[in-house]
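Asks: In case you want the letters, here they are:
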Amino acid sequence: MLVSLNWLKDFVELPKNVDGKSLAHDLTLKTAEVDNVIDEGKIYEKMVVGHVLELHKHPHADKFKIAKVSIGKETVQIVCGGENLKEGMYVAVSLPGAKVKWHGEGEYVTLEETKIRGEKSYGMICAGNEIGIEDMRAHGEATGRARRERVPRDRSLQINRAQRDEQSGSASCETKRAYQTTSARDIMDLSSIKQAPGTPLQSLFGKNDIIFEFDNKSLTHRPDLWGHYGIAREIAAITKSKFKPISPKVKIPSTGEKIGLKIEAEDLCPRYCGLIINNIKVEESPDWLKTRLKATGHGTHNNIVDVTNYILAELGQPMHAFDKSYIKKGIVVRRAKKGEKITSLDNKERILSEEMLVIADHEKPVAIAGVMGGENSEINKNTTSIILESANFSASSVRRASTKLGLRTESVQRFEKALDPNLAELAIKRAAELILKICPKAVIAGPITDKGKFNKKPLKINLNYKTIISKIGVEISKKEIMEILKSLEFKVLQKAQGFTVEIPSFRATKDVLFEDDLIEEIARMFGYEKIPPSLPTLPTKLPMENTERFKKHRAREFMSYGLGFDEIYNYSFYGKKDFEKCLMTEKSHLKLLNSLSEEQTHLATSLIPNLLKNLESNTKYFDEIRLYEIGRTYKDTGTLILKI
Amino acid sequence: MQNLETEILGRKGKLTLILRGIKDLSDEEKRTVGQLSNKVKTSLEKEFEHKIKELENTSIEKELGKTFFDTTIPGKTRQLGHIHPLSQVQEEVERIFSQMGFAVMDGPEVESEYYNFEGLNIPKDHPARDMQDTFFIQSKEDQSHGKLVLRTHTSPAQIRTMEKYGAPLRIIVPGRVFRYEATDASHDATFYQVEGLLIDKDISLSHLKGVMAQFLTRLFGQPVKVRFRPGYFPFVEPGLEVDFSCLLCEGKGCRVCKHSGWMEFMGAGMVHENVLKAGGINPKEYQGWAFGFGLTRLVMMRYKIDDIRLLTNSDLRFIKQF
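As they're listed, the protein sequences go chains A and B. In terms of numbering that gives the first Met the number 0, the first sequence opens at residue 0 and continues consecutively. In terms of numbering that gives the first Met the number 0, the second sequence opens at residue 0 and continues consecutively.
Just chain B, with the same shape it has in the complex (with noise of 0.2 Å):
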């Protein structure tokens, strides 16, 4: 089929060698010869394709004749690779947030010493600074700014996003931070935290207890109540510790919980004046709170992972698991 094919459409075919004819003709005679040269060829062309289709149908067929095809056999399939299952809560708690109304920011990891301290009303020789051991980068200071760090808290973020786009702002923002310490089981010298800054007219506490509830209760797939107790953050006031309610014995009291009936969660409060200031935020006008969370944490609290270590050692036997 092939061979005849070639015999008539191919580079010396007889239907090939008419059409080079053409431009030997008149004008007149190369339209009417043209056209039907052209409706010729398309049509055997078409023919052509048809029938060889049809042919190997007819012999496919006819080979499955001969041999046995069992048509149950799986195919071949693809292994699914694994997305780390810190992108994987930290994709569902963006999720929840926007639903609520919360946009998703990011901030640099090398961060300015005044953003991550003074900013945030930590200064020189306060207290608080014994909590954040800081990575310095090896950098020249600037007379404002200070030295380079590496982000200890996702919190400067708050103050970046403050100066950008004002208030009223519903903002949170996940990301990675550094904490200058030895690492155990429990502690890394890099995890995840997620920042949550809302900031309006009219926000108070109970607003905070309110949607820590909802993200809670949406997060875990099961009612969660959110306990406040007093905790101290320089860039907060009043300044909170957010316990939520254990969930595997529901406030009741049991191992997990350290019999207590809550776990510990993370730390907020009312954004403090001075840092509503620095983002340029008149706190006459506007009030509001902010939380940070360990997103770390919380992936290892919902796949009862027992070492933190793992979520960065790249063991992809870990990985696969998820």
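Isolated chain A, as found in the complex (with noise of 0.2 Å):
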């Protein structure tokens, strides 16, 4: 998941000047793991408009032109390559102590002044890939799959676009290769945009943000930190810093038009709302939204899409967005019929099973519920009225429908991990607040439909004081331990014994369900760091021994240094063939469900087999081989070992 510094900035105060990589490794510590911090703007460091003033050719190479290029206050002499370079072009200019991509491909190196066939070249002007500008394209398009390349810390690789032309010019063969990659590859022409020369390309294209990639296995029991809203609460707590909590400023009327609303399955749907938004114009989305969609990760579409998805990417509910027009009569929340069709959005059909949530009207399907929306009722230029939906389905029934139909969606990711009702309710006053924004005619036609059945009790948990210093194994005071549970929303009553806890509504849908949850989040918090290591007391009784492991050890010293056999290890598997060339049957063998490849079909009854190819593999490096196995065996005995 890619989170941006400027979004999170919304939800809590920062200072200015925060330090990107050092918010990474506390939220790693702390919270969960950031793979990669991309810091947009040093990624233009040292990179500037130029304006080409003069263009001559290269003394002593073909190839290469010499450029008089304006960088603002001086003119500097940069010799390139690029077939389309013209005199009055604007260009991008890498100076020396840039970093850039050598022809848009493998890592980025650092630019230094040179000479080339003995002329002087002061930087470089670039094509779009080598600053990483197609990067940022594919980066915006691809759906939170793309990753950036990382911009290596590794300083000491000092190497020169023009300087490798020259090395690889010294052999013909790789001067043509060069020259052709240069020349398919066209420096990037600026001219449209007629920036004074000496703009940073950082403010050409408004790149002052700072992305956190954070690894999504180590967020998987966290349904709460799927947005910038959760990630900003933990930040908050981490760095003592101050938590502006989200409060939309929108009007919902009190009556109005309402969303005909039927739940059949409860079980699977604990919360459904709706709203109708009419007087939309569906059009392109403001650039401030397409920015920051773009810098996490998502596509753009048209703005109701794109609102839906800023409310997934903002506070971690997936939201659907219905064209109002084609939804028959009212909403229904049931079950599929076997066999029932739906065209989702990616244009393909779909045949649902019966355990399978559908949103349907009165006719139809209009929606796989959680996964993925039907192409029937999709926003689309013409629409003018739309049904919102904000709603909570089981984690349980979304993944397995998403795993039966093969289809994970961002929306999937999110509604597995069980999310928040609560939220349900926020996301959609949210949602209307951006549309309204967005279309500022927009018009709400009447009050949410909310229905459903979840537990509002908050959920209470006993602390034992002892038992939490007992299993983190340092001192903490009562006084911290009710500091930092405070501070990530729990609410603490301090008791003889230690705390009764209440768990927010966003943390007690799977994360914090008993006691040792709690330590978990006073141990994290107060530090991993802070726990010092401590040996336990050792028994004075010995372990019991391992007889058999223990003889095998002693065997293969035997067999390697006493008997000069090699040891080797072979998969437990073979296929068919293998067993059957040592002319033994299929009969005992345990037979793989799904298997790799043809060769490993079997679990091994004997290791005679393998050995044999082994044997067979190696003759062609050795005239005396002596090999040996120390591995299990597998025999079906038509049980199942219960217990050993």
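If you are wondering where the hints come from, they were derived from the structure by calculation, not from laboratory data.
Sample of chain B residues facing chain A (criterion: CB under 10 Å; computed from the structure): (1) 93; (2) 138; (3) 179; (4) 197; (5) 205; (6) 208; (7) 231; (8) 319.
Fair warning: this is a prediction, and the values are worked out from it, not measured in the lab. The C-beta atom is built at its ideal place from N, Cα and C for all residues, glycine as well.
Two chains, two frames, a set of hints: combine them into the complex.
Replies: Encoded structure:
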């Protein structure tokens, strides 16, 4: 998951020059692993707009030109191989010290001033892919999967593009290749923008964000961290900064047009909120919205769809918007009928089964609940009236449907973590606020339709002080424990033996359910690094001996050091051909249901078939082969061994 | 000499014939003659043997005197074989933990779904089953134990050992595990893990840090520090990712540790109360931690092996380097 620092700042008061790397470090040690920190500004360091004033031929190389380029106050000489380079062109110039990708490929390298075939070159005139501009597009369009190349921190590697050109020029075929690559990737033409020479590219492209890339696996157990809001809450607790709770400023009318809503499968849909908004104008989203979506790896479509994605990235609540004109009568939340079909938004026909939850109108399914919307009610440029959906679906139901359909979306990713039903209400208000901001003429048609059954009584857990200290293994004061829990929005009451803790709803769906879960909260925020290493007292009795293992190790010494045999490890599998060659039958073999290859379908009842193969493969290299394996074999005994 | 020996002591030798005649004598004569003749026979045999050896020695010495014998020529050596690096490191790991009072345990590689998942607090539909791509075995489904699988981690041994021995418990379980996933230079469908479990009255995260630091320091023969990060595994709570200080730069940051100063090492945490319960241990009475690290990865790190497949492709050119 990609998280933008600018976005986080909406919800947590951070110092202006917060260090992205140290924040990422703190998050990794206390919350979840940050794989990567992308400082957008740093990427464009030492890169400016240049104006090509003069262009001359290179006296010693046909492929190169010598350009006199104005970079603001001064004019510099740069040797360049770009074919489309013209006098008067505005270009992107990387000055010595900038990091560029050589021809847009491989690692970033740091430029330095150099001479190319005897001519001075102060920096380089860049193609888009050499400074990550193409990257940027790919980054924005792929949904969350694209990764940005990391700028290597190793600054010792200093090489210049032109130097490389020269080096490769020493061999003729190499020259040709280098030349072709250069001409294929033209210099980026900034003439249409006509910015003053010397303008930093960072401000030209409006890049001033820091992007954190979280390891999704480390967020598996935290449904509250799948949006900027939740991450901001953690950061506030970690850095002891002020958290700014969100409160949408939007007036929802108390009367008016409501959605006809029927929840038939209450067990799979604890809550469903719906809202009708009329007078919509579907168009491109404003730049600020697109910038944030792109920075966090989301595609952009139109203002309405973009708002739902914005809410997903901000609050972690997946939403959906239907074109109201395609919804017949009202919304029904029900299990799919056997064999029922729907064409999902990705243009594929999906056949549904009875355990899947669908959102339907009175005629047809219009969405696979929590997985993906249907094409039949998609927002399009003629849409004027929408139904906004913000719901809570059963985690395991969404997950099962997704697995069965082979369709994993960002929505599934969040629902399967067990979201807080209270989030649905906050999200729909926030979405309404944003839509009204973007489409000022839009009108909320009536009150929010809000149905469903979920537990509204807050969970309370008793926490024993002695247990906390005994499990963490370091003295932590009661005062500090209370501060930690409160910073994470737990409500704490001190008791004789410890505390009674009320769990906020956004942590109570799965993550914090019993005492040890709270001990984890205390330990991580206190700081794992502050737990001193210590050794448990050693019992005076000796550990049980494992005679078999001990003897196997002795056998290895005997075989290898006594008899000169080499030990090898084989896989536990072989194929039908292998054991048949050894005159064995399939009888008493355990067979795999899912195997990786034809050679790995059966569990070995004997080590010999694989050993014979080893002999064969080694005869190429050795005249004398002595090998052995000490391994397990597997026999189908027809019964399940439950205890050993 | 041998001829003479046969003439006297052989099957038809002079003394043998005398001895055979004894049976015709009277009882009293038998006793005296028998004793005497036996004495004569043994002393003759001894003398013969002695003389033969003496003659042999003289002839060898005579021979040696004639030809040149170079005593400095090395003997014909037998090539030493090689123990697989996984076995070598595994034994070392077992030895270090044994010294710290841990028993070495085993568990079956063909497991039930219950032991591999449910018993470890990983119910069906749990997202963590995503990370556990599993080999299933064609078998009937047991009502409470589910299908047969190849264990995806060594953790099932936690429950099996708890069931069998109860608390307190101090064990490691090194063993082979399986994942249904495509193979490449850093992933194999078969690899080795070491599970560790320490259950007693007052066991804490501080002890985990201490024991791991001791173990790694001994294994690598240089001071090693241990770092905890939050991590998520359904069978522990709190759950941890455990890193150790980079051996090359000692925590300063270098290419090997990707400039972080730390190497990712293993997952660990305090044993989840549901797991203790599944093992028949009362979580109110006992507590403890568990860890699981990749033995295969440790071997690769130690010997700087860059392709995991070398460990199982049985190429003797590789094995002979250890």
